[in-house]
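Chain by chain, the residues run as shown.
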Amino acid sequence: MADPQTATFNLTINGRKHSVSADPEMPLLWVLRDLLGFSGTKYGCGVGVCGACAVHRDGIAVRACQIPLRDAVGHRFTTIEGLSDAGDHPCQLAWVEEDVSQCGYCQAGMIMTAAALLHQNPHPTDAEIDAVMSDSVCRCGTYGRIRRAIHRAANGVAKS
Amino acid sequence: MNVQRRTFLKVSAGAGFGLAFRLHAFATQQTAANFEPNAYIRIDSDNTVTLWVTRSEMGQGVRTNLPAALAEELEVDLDQVKLQQAMPGSRFKGIRLRTSGSGSSSATFMSLRRAGAAARAMLISAAAANWNVEPSSCTARSGAVIHAATGRHLRYGELAAAAAKQPVPENPPLKNPRQFRLIGKPLKRTDAPQIVRGTATYGLDVRVPGMLIAVMERAPFMGEGVAGFDPTKALAVPGVRHVVAIKSGIFGGVAVAADNTWAALKGRDALHIEWLPGPNRNFDSQEFIRKLEAEASAETPGYPIRRDGDAGSALANASPGQTLHALYEYPFQAHAPVETMNCVADVRPDSCELWLASQTPETAHQSAMRMLGLPPEAIKVHTTLLGGGFGRRLFVDYAEEAIELSKAIGKPVKLMWTRADDTRHGFFHPASVEKLSAVLGEGGTVSAWIHRSVGSDLSMFGLPSPDERKDQQRYAKDESPWGAFDTPYNFRHLKIDYVPVNSPVPTGSWRAVDYPSRVFGRESFLDEVAHALSKDPLQLRIDLLAPGDVLTLGEQEIDRGRMIRVLQASRSRSGWDTPFAAPAGRLGGRGLAVNIYHADSYMAQIAEVSVARDYSDIRVHRILCFFDCGLPINPAGLDGQVESGITWGLSATLHGKIDIREGRAVQQNYRDFAVMRLGQMPAIETHIIPTENPPGGFGEHPVPPVAPAVANAIFAATGKRMRRLPITPERLQSSMSRTEERT
Ligand code: FES
Ligand code: FES
Numbered sequence: 210m211a212d213p214q215t216a217t218f219n220l221t222i223n224g225r226k227h228s229v230s231a232d233p234e235m236p237l238l239w240v241l242r243d244l245l246g247f248s249g250t251k252y253g254c255g256v257g258v259c260g261a262c263a264v265h266r267d268g269i270a271v272r273a274c275q276i277p278l279r280d281a282v283g284h285r286f287t288t289i290e291g292l293s294d295a296g297d298h299p300c301q302l303a304w305v306e307e308d309v310s311q312c313g314y315c316q317a318g319m320i321m322t323a324a325a326l327l328h329q330n331p332h333p334t335d336a337e338i339d340a341v342m343s344d345s346v347c348r349c350g351t352y353g354r355i356r357r358a359i360h361r362a363a364n365g366v367a368k369s
Numbered sequence: 002m003n004v005q006r007r008t009f010l011k012v013s014a015g016a017g018f019g020l021a022f023r024l025h026a027f028a029t030q031q032t033a034a035n036f037e038p039n040a041y042i043r044i045d046s047d048n049t050v051t052l053w054v055t056r057s058e059m060g061q062g063v064r065t066n067l068p069a070a071l072a073e074e075l076e077v078d079l080d081q082v083k084l085q086q087a088m089p090g091s092r093f094k095g096i097r098l099r100t101s102g103s104g105s106s107s108a109t110f111m112s113l114r115r116a117g118a119a120a121r122a123m124l125i126s127a128a129a130a131n132w133n134v135e136p137s138s139c140t141a142r143s144g145a146v147i148h149a150a151t152g153r154h155l156r157y158g159e160l161a162a163a164a165a166k167q168p169v170p171e172n173p174p175l176k177n178p179r180q181f182r183l184i185g186k187p188l189k190r191t192d193a194p195q196i197v198r199g200t201a202t203y204g205l206d207v208r209v210p211g212m213l214i215a216v217m218e219r220a221p222f223m224g225e226g227v228a229g230f231d232p233t234k235a236l237a238v239p240g241v242r243h244v245v246a247i248k249s250g251i252f253g254g255v256a257v258a259a260d261n262t263w264a265a266l267k268g269r270d271a272l273h274i275e276w277l278p279g280p281n282r283n284f285d286s287q288e289f290i291r292k293l294e295a296e297a298s299a300e301t302p303g304y305p306i307r308r309d310g311d312a313g314s315a316l317a318n319a320s321p322g323q324t325l326h327a328l329y330e331y332p333f334q335a336h337a338p339v340e341t342m343n344c345v346a347d348v349r350p351d352s353c354e355l356w357l358a359s360q361t362p363e364t365a366h367q368s369a370m371r372m373l374g375l376p377p378e379a380i381k382v383h384t385t386l387l388g389g390g391f392g393r394r395l396f397v398d399y400a401e402e403a404i405e406l407s408k409a410i411g412k413p414v415k416l417m418w419t420r421a422d423d424t425r426h427g428f429f430h431p432a433s434v435e436k437l438s439a440v441l442g443e444g445g446t447v448s449a450w451i452h453r454s455v456g457s458d459l460s461m462f463g464l465p466s467p468d469e470r471k472d473q474q475r476y477a478k479d480e481s482p483w484g485a486f487d488t489p490y491n492f493r494h495l496k497i498d499y500v501p502v503n504s505p506v507p508t509g510s511w512r513a514v515d516y517p518s519r520v521f522g523r524e525s526f527l528d529e530v531a532h533a534l535s536k537d538p539l540q541l542r543i544d545l546l547a548p549g550d551v552l553t554l555g556e557q558e559i560d561r562g563r564m565i566r567v568l569q570a571s572r573s574r575s576g577w578d579t580p581f582a583a584p585a586g587r588l589g590g591r592g593l594a595v596n597i598y599h600a601d602s603y604m605a606q607i608a609e610v611s612v613a614r615d616y617s618d619i620r621v622h623r624i625l626c627f628f629d630c631g632l633p634i635n636p637a638g639l640d641g642q643v644e645s646g647i648t649w650g651l652s653a654t655l656h657g658k659i660d661i662r663e664g665r666a667v668q669q670n671y672r673d674f675a676v677m678r679l680g681q682m683p684a685i686e687t688h689i690i691p692t693e694n695p696p697g698g699f700g701e702h703p704v705p706p707v708a709p710a711v712a713n714a715i716f717a718a719t720g721k722r723m724r725r726l727p728i729t730p731e732r733l734q735s736s737m738s739r740t741e742e743r744t
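Chains as they are written, first to last, in the working numbering: chain Z, 210 to 369; chain X, 2 to 744.
No lab work stands behind these hints: they were computed from the structure. Check the hints yourself; a few may be wrong.
As the list claims (entries may be wrong) - Only pairs whose alpha carbons sit at most 20 Å apart, straight line, appear in this in silico SDA-like list of lysine to any residue:
| no. | chain 1 | residue 1 | chain 2 | residue 2 |
| --- | --- | --- | --- | --- |
| 1 | X | K189 | Z | G296 |
| 2 | X | K83 | X | R182 |
| 3 | X | K234 | Z | T215 |
| 4 | X | K189 | X | L632 |
| 5 | X | K412 | Z | L244 |
| 6 | X | K189 | Z | L302 |
Given the sequences, and given the hints that come with them, work out the whole structure.
Below is the structure:
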């Protein structure tokens with residue numbers, strides 16, 4: 210018997226359609242991780258304060274833990290797995306080049322946040338980087354490298 | 002049971018000795034085509050070199066530095082080494098897999114170099130025998146043995162079977178550091194490509210077929226269990242499969258297992274639980290800290306830690322103008338790694354498999370044996386990458402919860418903690434109070450130093466029994482408390498005591514364990530003494546370390562000369578002797594603090610801080626970190642660890658604390674347990690003073706000096722002495738009206 214609290218939704222994730230039957234209130238984070246297996250999008254707080262779950266909604270960085278499934282319909286989402294085909298988005302390359310990661314757990318969210326920033330503002334200043342990236346938590350303290358990697362990626366974006 | 006903490010946490014130089022034994026043990030276990038000179042290494046006929054990594058990767062770079070140590074001596078390229086995470090049990094029986102004490106790279110480093118050198122010697126012997134030439138006429142490079150005179154060469158894979166039959170050399174010659182290709186060169190993290198693509202697997206990312214996902218409501222008040230619960234509403238949530246009372250873990254609770262995380266969370270919200278009335282519903286951390294302060298000033302004897310001369314008489318006979326006293330306070334702190342605690346457990350009638358991000362997989366293995374009555378070989382423990390460890394993952398309470406739950410429901414299950422669970426139910430860094438007194442001597446000297454450190458035993462290791470408590474030397478023998486016991490300065494009269502005051506709060510090792518609170522007191526107070534003597538704080542430290550001799554304390558040999566050289570370098574390369582130029586309209590200053598970590602790493606930090614004139618804002622502009630940690634294995638990784646440790650220290654200095662009111666931790670997530678954010682970060686400069694001493698660890702070392710360096714800089718800027726952490730603008734402003742904050 211179909212569960213009365215479950216409905217079917219069509220989502221677009223990383224350019225592909227996915228049909229999901231679940232509670233309309235289920236946050237996109239759990240839809241991605243538990244139902245669709247996109248485990249690159251991380252859980253850090255579930256209340257919108259850490260940025261570990263950042264994904265792109267129509268090119269803008271949003272927090273998957275704050276988006277109920279029913280609000281996800283009609284948008285194009287990109288997760289870290291879909292940011293590039295070969296792991297060669299300028300941010301991914303810059304993150305490796307600057308050796309940003311410590312434990313690495315927060316970095317998918319950091320990269321998604323930074324990639325959206327660069328999409329809107331290809332040459333952010335330090336102050337502009339600070340304003341956007343200060344909403345995300347890295348307990349390992351990789352912030353200096355994140356800032357350097359964003360500048361490096363900005364040059365990469367400009368070149369390509 | 003009370004484990005001696007220092008031996009548990011700190012890796013001594015001999016920690017890798019298991020390897021020498023294994024060199025023989027494994028020579029017999031290989032198949033015809035493979036070469037397994039020991040438990041750590043295998044060379045296959047297809048030239049693959051496999052290294053079993055015996056430490057957990059939590060950002061400190063073991064999965065980069067350990068293969069580099071092996072590849073260096075074995076003479077293979079770094080990307081030729083495939084990594085396997087070691088599992089507790091048969092292959093690694095009796096070999097330490099625990100990751101703690103900042104010794105991950107340093108302890109295993111020499112072992113792996115020796116293992117690599119032994120394997121190289123055996124491969125060379127095998128090739129030489131094949132060609133009928135002298136081994137000394139052959140060399141090894143890039144995974145092959147070469148006979149230069151005849152231009153012949155054989156890949157390691159081709160030699161594997163023959164190498165296995167060679168005798169294992171007892172003392173294989175190690176490479177001369179001048180010939181290093183990898184060690185000491187900046188290396189990028191080997192896991193980086195997976196991390197940036199989101200494909201690296203942390204504990205929370207593990208999925209096994211048929212797995213449910215569970216969350217648990219834990220007893221809110223410390224020491225209370227479940228009296229009863231009504232599962233009806235929780236079970237009515239679609240997707241919820243089981244509601245089970247759990248006794249394991251810190252205090253037990255009720256778990257809800259469901260098809261997905263969201264259903265489990267909704268089910269937990271719908272639970273109704275009665276808790277047993279416990280004794281700790283009124284526990285208040287502020288009251289507890291007042292109690293610590295009272296103990297710090299009490300006359301009752303503490304456990305003696307250090308005694309030189311007669312500090313008590315020196316203090317009693319000093320005139321009031323000659324003495325200085327101060328109390329320093331460190332609050333409870335959480336670990337707050339971004340990946341919350343979690344474990345996947347699959348318990349079957351005759352087996353158990355666990356997947357978890359743990360600093361101590363062997364403890365989880367033992368827990369499973371004890372809880373399930375299974376033999377060791379029936380239990381498999383997979384260690385994933387850790388989304389932060391910091392000491393929290395030295396405990397396996399979350400694995401025990403998952404084991405109990407999987408057994409109860411007969412299914413594989415992932416038990417995950419929410420952020421609020423993680424913040425409120427940790428093993429906190431204990432609150433502590435340091436009381437320091439000094440007697441100032443003639444001519445700008447310090448004639449007596451008295452440090453009474455008041456803190457708690459770490460409950461994660463079990464509290465000492467009444468009998469153990471009777472041993473007056475128990476803490477001194479354990480070389481505790483870190484940062485007080487190993488006070489490096491030369492005082493004519495020195496007295497250090499420790500007073501443990503326990504509470505119901507679960508406490509555990511935090512990044513740098515005891516050091517942060519003790520070093521905050523010691524190094525801040527030394528700054529106070531320098532100002533009272535009108536002496537330069539840097540010069541005073543050098544004077545107190547003179548003549549640069551070696552101070553032997555327990556098993557530690559503290560080389561004061563190394564510390565002096567680090568201080569001299571920090572003076573000449575920091576602009577210490579010129580005034581710090583604060584931004585216009587702000588008050589600015591520099592502060593210095595030093596620490597020696599277990600006699601093997603010597604560090605000085607200088608903080609540059611400015612404060613708004615109305616004290617409404619504190620800004621750390623730059624932290625310079627100078628240190629000698631012996632031979633740097635991977636300078637790039639070392640820079641990263643310094644930045645990481647300093648950021649951790651700044652979070653504790655400027656933001657973090659856990660308050661406990663009415664028996665519950667108040668803070669819930671990164672909003673109220675704030676940590677540093679990108680926009681607040683100072684510039685961090687790492688200056689390595691390389692020496693050829695054995696490599697020291699460095700994951701924790703940068704943490705302790707941060708708070709005193711910043712507090713000393715704030716004093717230089719404002720004349721206000723901040724003796725309580727965190728140092729917030731509110732606290733600074735409330736000190737504005739007082740001439741002396743507290744004495
Ligand atoms: S998990 Fe979404 S912001 Fe923290
Ligand atoms: S790298 Fe560990 S939390 Fe950011």
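Here is what the structure says about each hint:
| no. | hint | in the structure |
| --- | --- | --- |
| 1 | X:K189 x Z:G296 | holds, 16 Å |
| 2 | X:K83 x X:R182 | holds, 19 Å |
| 3 | X:K234 x Z:T215 | holds, 18 Å |
| 4 | X:K189 x X:L632 | holds, 18 Å |
| 5 | X:K412 x Z:L244 | holds, 19 Å |
| 6 | X:K189 x Z:L302 | holds, 12 Å |
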